[in-house]
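J.: Work out the full structure, taking the sequences as your base and the hints as a guide.
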Amino acid sequence: MNRIKETIVVEGRDDLSAVLAAVEANVICTHGYGIKKTTLEEIKKANETCGVIVFTDPDHAGQVIREKVLSVCPNAKQAFLTKNQAYKDGDIGIENAKPEDIINALNAAAASIGGKDKYTMADMDRLGLSGASDSAKKRAELGAKLGIGSGNAKAFLKKLNYLNIDEELLK
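Counting along the sequence shown from 1, when you hit position 157 you're at 157 in our numbering, and nothing is skipped either side.
Calculated directly from the structure, the hints in this document are not laboratory data. Accuracy of the hints is not assured; some may be wrong.
[Said to hold, decoys possible] DEER-style ranges, computed between Cβ atoms:
#	residue 1	residue 2	range
1	E41	R126	38 to 44 Å
2	D117	V64	19 to 25 Å
3	D59	A132	21 to 27 Å
4	E168	T49	32 to 38 Å
5	A110	K171	24 to 30 Å
6	G90	K137	19 to 25 Å
7	D134	E48	38 to 44 Å
Here the structure is a predicted model, which is why all the values come from computation and not from measurement. Cβ coordinates follow ideal geometry from the N, Cα and C atoms, glycine included.
T.: Quick look at the structure:
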């Protein structure tokens, strides 16, 4: 079983169980939107000592939670699943993913690097990822291809910059 050095931040107990079935790691649960101050402090401390990988559900709630965690740990790594990978019986969540999809998402996060913003909203427009009638569809397709999930134009731009995605992969 793969051992992950960083602490993985997930939404709930079922997500924790799914991650621990796939890898050996320290996992912190946010328990939804109302993340307690003590939990955010625990996440911040983990980020300072061993690093953090934010791994939330590919839905609106997951994005809100991801943003809260990133507000206190802006350099945290991020792991993403597509909605298809996280879907089962009408429910979207990490807990529904196959272990190999969880492992692949965590491996992709560990390989990512942060840094200066590479792309702007003008680049998003130029690439057809915003400002066009089919931009949402293009972002969804590209997000699935890259294994980074989708999102609105602003959220997708953040992912591209955080993960330092090469422009050749965006075509």
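J.: Work down the list of hints and note, for each, if the structure agrees.
T.: Hints, verified against the model:
1. The hinted range of 38 to 44 Å is satisfied by E41 and R126, whose Cβ atoms lie roughly 41 Å apart.
2. Here the CB-CB span from D117 to V64 is close to 22 Å, well matched to the stated 19 to 25 Å.
3. Remark: the range hint 21 to 27 Å for D59 to A132 is upheld by a beta-carbon distance near 24 Å.
4. Judged by the Cβ atoms, the range 32 to 38 Å given for E168 and T49 holds: they are separated by roughly 36 Å.
5. Checked against the given bound of 24 to 30 Å, the beta carbons of A110 and K171, roughly 25 Å apart, stay inside it.
6. The hinted range of 19 to 25 Å is satisfied by G90 and K137, whose Cβ atoms lie roughly 22 Å apart.
7. The hint said 38 to 44 Å for the Cβ distance between D134 and E48, and at roughly 43 Å that hint holds.
Consistency note: the structure conflicts with none of the earlier hints.
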